[in-house]
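Residue numbers (this note's numbering), protein chains in the order written: chain A, 29 to 390; chain B, 29 to 390.
Be aware that one or more of the hints could be misleading.
Since the list can't tell identical chains apart, any single copy or any two copies may satisfy a pair.
The calculated lysine-lysine pairs, modelled on BS3-like cross-linking and capped at a C-alpha distance of 27 Å, are [as the list claims (entries may be wrong)]:
id, residue 1, residue 2
1, K378, K335
2, K123, K85
3, K368, K290
4, K335, K123
5, K290, K378
6, K76, K382
7, K368, K382
Think of the hints as simulated: they come from the structure by calculation, not from any bench.
There are 2 protein chains.
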Amino acid sequence: MRLIDRIIQNERTELLNTTRATSAVVLSSRIRLARNLADSVFPARANKSQRCAIVAKCGTAIESLKGIKNPVLLAIDELNDRDRQVLRERHLISKELCEEPEGAAVVMDQRQGCSVMINEEDHLRIQFLKSGFNLKALWKKVDAFDSQLEQSLNFAFSPEYGYLTACPTNLGTGLRASVMMHLPGLVLSGHMERVVRAVNHLGITVRGLFGEGSEASGHVFQISNQQTLGESEATIIERLAQVLKTVIDQEINARFCQLEQKSIQILDQIGRSYGLLQNAYHISSDEAMNRLSFLRLAVDFNMLPDKCRVLIDRLFIACQPAHIQAAAAAQLDADMRDCKRAEIIREELKQLPKLDMNFTAN
Amino acid sequence: MRLIDRIIQNERTELLNTTRATSAVVLSSRIRLARNLADSVFPARANKSQRCAIVAKCGTAIESLKGIKNPVLLAIDELNDRDRQVLRERHLISKELCEEPEGAAVVMDQRQGCSVMINEEDHLRIQFLKSGFNLKALWKKVDAFDSQLEQSLNFAFSPEYGYLTACPTNLGTGLRASVMMHLPGLVLSGHMERVVRAVNHLGITVRGLFGEGSEASGHVFQISNQQTLGESEATIIERLAQVLKTVIDQEINARFCQLEQKSIQILDQIGRSYGLLQNAYHISSDEAMNRLSFLRLAVDFNMLPDKCRVLIDRLFIACQPAHIQAAAAAQLDADMRDCKRAEIIREELKQLPKLDMNFTAN
Numbered sequence: 029m030r031l032i033d034r035i036i037q038n039e040r041t042e043l044l045n046t047t048r049a050t051s052a053v054v055l056s057s058r059i060r061l062a063r064n065l066a067d068s069v070f071p072a073r074a075n076k077s078q079r080c081a082i083v084a085k086c087g088t089a090i091e092s093l094k095g096i097k098n099p100v101l102l103a104i105d106e107l108n109d110r111d112r113q114v115l116r117e118r119h120l121i122s123k124e125l126c127e128e129p130e131g132a133a134v135v136m137d138q139r140q141g142c143s144v145m146i147n148e149e150d151h152l153r154i155q156f157l158k159s160g161f162n163l164k165a166l167w168k169k170v171d172a173f174d175s176q177l178e179q180s181l182n183f184a185f186s187p188e189y190g191y192l193t194a195c196p197t198n199l200g201t202g203l204r205a206s207v208m209m210h211l212p213g214l215v216l217s218g219h220m221e222r223v224v225r226a227v228n229h230l231g232i233t234v235r236g237l238f239g240e241g242s243e244a245s246g247h248v249f250q251i252s253n254q255q256t257l258g259e260s261e262a263t264i265i266e267r268l269a270q271v272l273k274t275v276i277d278q279e280i281n282a283r284f285c286q287l288e289q290k291s292i293q294i295l296d297q298i299g300r301s302y303g304l305l306q307n308a309y310h311i312s313s314d315e316a317m318n319r320l321s322f323l324r325l326a327v328d329f330n331m332l333p334d335k336c337r338v339l340i341d342r343l344f345i346a347c348q349p350a351h352i353q354a355a356a357a358a359q360l361d362a363d364m365r366d367c368k369r370a371e372i373i374r375e376e377l378k379q380l381p382k383l384d385m386n387f388t389a390n
Numbered sequence: 029m030r031l032i033d034r035i036i037q038n039e040r041t042e043l044l045n046t047t048r049a050t051s052a053v054v055l056s057s058r059i060r061l062a063r064n065l066a067d068s069v070f071p072a073r074a075n076k077s078q079r080c081a082i083v084a085k086c087g088t089a090i091e092s093l094k095g096i097k098n099p100v101l102l103a104i105d106e107l108n109d110r111d112r113q114v115l116r117e118r119h120l121i122s123k124e125l126c127e128e129p130e131g132a133a134v135v136m137d138q139r140q141g142c143s144v145m146i147n148e149e150d151h152l153r154i155q156f157l158k159s160g161f162n163l164k165a166l167w168k169k170v171d172a173f174d175s176q177l178e179q180s181l182n183f184a185f186s187p188e189y190g191y192l193t194a195c196p197t198n199l200g201t202g203l204r205a206s207v208m209m210h211l212p213g214l215v216l217s218g219h220m221e222r223v224v225r226a227v228n229h230l231g232i233t234v235r236g237l238f239g240e241g242s243e244a245s246g247h248v249f250q251i252s253n254q255q256t257l258g259e260s261e262a263t264i265i266e267r268l269a270q271v272l273k274t275v276i277d278q279e280i281n282a283r284f285c286q287l288e289q290k291s292i293q294i295l296d297q298i299g300r301s302y303g304l305l306q307n308a309y310h311i312s313s314d315e316a317m318n319r320l321s322f323l324r325l326a327v328d329f330n331m332l333p334d335k336c337r338v339l340i341d342r343l344f345i346a347c348q349p350a351h352i353q354a355a356a357a358a359q360l361d362a363d364m365r366d367c368k369r370a371e372i373i374r375e376e377l378k379q380l381p382k383l384d385m386n387f388t389a390n
């Protein structure tokens, strides 16, 4: 079995099979640092042999760290499209990393909670991710990892500007903290646009499920800091966390307003989603996401037991196109993928208890 | 309790609670005869007192017949809009009967399998209806009823033309036989138009669920003879029955072609309908009809037990707007009606077994 297949088939990972308590609003948190080697040209300017030298150097340094368990290095040009797409759907690599596959690589740990992209826009993109709202714990881990790595690698650093990066928007801390939020309340109440504008003013960006330019299917949004310069990492994270707490409050508030003012519409959407997901034989990724969103809302409203949330969060990822291809172990066209997706969802939701409509929303 | 309320609340009727074997394609059969009194002007030309005299005369004659059990006479101008609409949804009266309510009436039996409209387009419209495909049995009943009635009433009759009617399209036998057919196979395969054209050439008309100009929601069509003149009643019925048998064959054939060629789409529609109807909290009459249509198809494909067909056929009528109003015993706007409809359907389908997808279509 190929290494990548073992990685793909491993579902005991941070995002696919969390045993931790999940949050009603936050699906997962991520922190990434952009780092570059002081003595090498930026990836976009490096030729093939330079890029390969960087992969070799960084790969060795990362694999010898204590902070990463059973690390695996994958060369992007040795992966096929589907494999790359699966890693993207798990948020372990980016679209940009695949655009120049020669001399690009990723190192990840067994639980897939840590991934380091080599020769993306910067030499290194160090990322830690965790289910739930966990920015501070994540920062500790990333910080320790970065410090360890800095002992063996010489990072490009300016006393005036901080860490140097290929794009000036990452200059300074090179830090981007982002949180995946489930915001059906704000979307359904029509308040999402207002919230986006408000957080933009505070230097915070809102994107769809798969980053820049992607759609927010399933009412899932990626919210992250924009600024990397002029503040300490702790301050950036603290400020983001404060804003996100406000967004969480507004989301919870919006949900209960919706439930009060439009209870039938909400119950109807939840009921229909519950019935559809368990009985459909053909479902697109987008419809699945939107239906799963209402099922997650049902858990938040105590209509389904809490443990169902882990299952739903897992399906948010497992019903993405490349995951469906991987599960089928075959090349499927869009139509066959929609059938396989429906089959997987039906199977996973087989043991779903009845919706408890005498719920007490809390 | 008002008489009309007893009639409305009586669900042990021919169409709402049949214990007879139902058919995979034919929901119900109806035969009606148009008759006029020889010595009275046609209803549209009669003044109020003339119309009332006709009601009195015919009412007495009908109520004294042996062929009608516990007959009830209802004056249309004493019914409110909802009551009239419920009777229309049960196919017991027509829209035309309600257009001039003064001096218009209907006599029906307890099981609501026989109804005689007085002062519709003709003085008398005698109708018998029965679940399933039952034209010949119905004709025997109507014929006997008509013969009995003719002993006490003097019908307008010409030795050359036969029974005289207000509209020449009913002249002769005054007979219209019609069958309510469930034709999802022909609709989904796109063959319905071809079938309509073919039967039109044979003097047979295809209409929607509630007659002329109505939509065929739930893939339900009313198919009836057009010609009333120049043939005996037995010939008309025999010819219609022959054509309908061909339509039934084509429908069954179309269903299995669909199931072979587009099985996933069909299973998906059936699964979704099953899930939606049991879990929706807001559903329009049209969506309900179309979803129920797929549920009926599931019974025909042996995915649900045969006894479910009676329940579904009942819901085809019980989820119509006035029936929903009557069930709620309140004046509901369209929105509240959609909620009540969803509630009734959820309740009725509570005991629905799981879909058996290892079905053997027969």
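Right, here's what the structure says about each hint:
1. K378 x K335: Intra 14 Å, inter 25 Å, cutoff 27 Å: intra and inter.
2. K123 x K85: within (23 Å within a copy, 86 Å between copies)
3. K368 x K290: Answer is between: at 16 Å across copies they meet the 27 Å cutoff, but 34 Å inside does not.
4. K335 x K123: For K335 and K123, neither the intra-copy (32 Å) nor the inter-copy (55 Å) Cα distance is at most 27 Å.
5. K290 x K378: between (29 Å within a copy, 25 Å between copies)
6. K76 x K382: Result: close neither inside a copy nor across copies, 57 Å intra and 59 Å inter.
7. K368 x K382: Both: 24 Å inside a chain and 21 Å across chains, each within 27 Å.
Going through the hint list in order, the structure does not satisfy hints 4 and 6.
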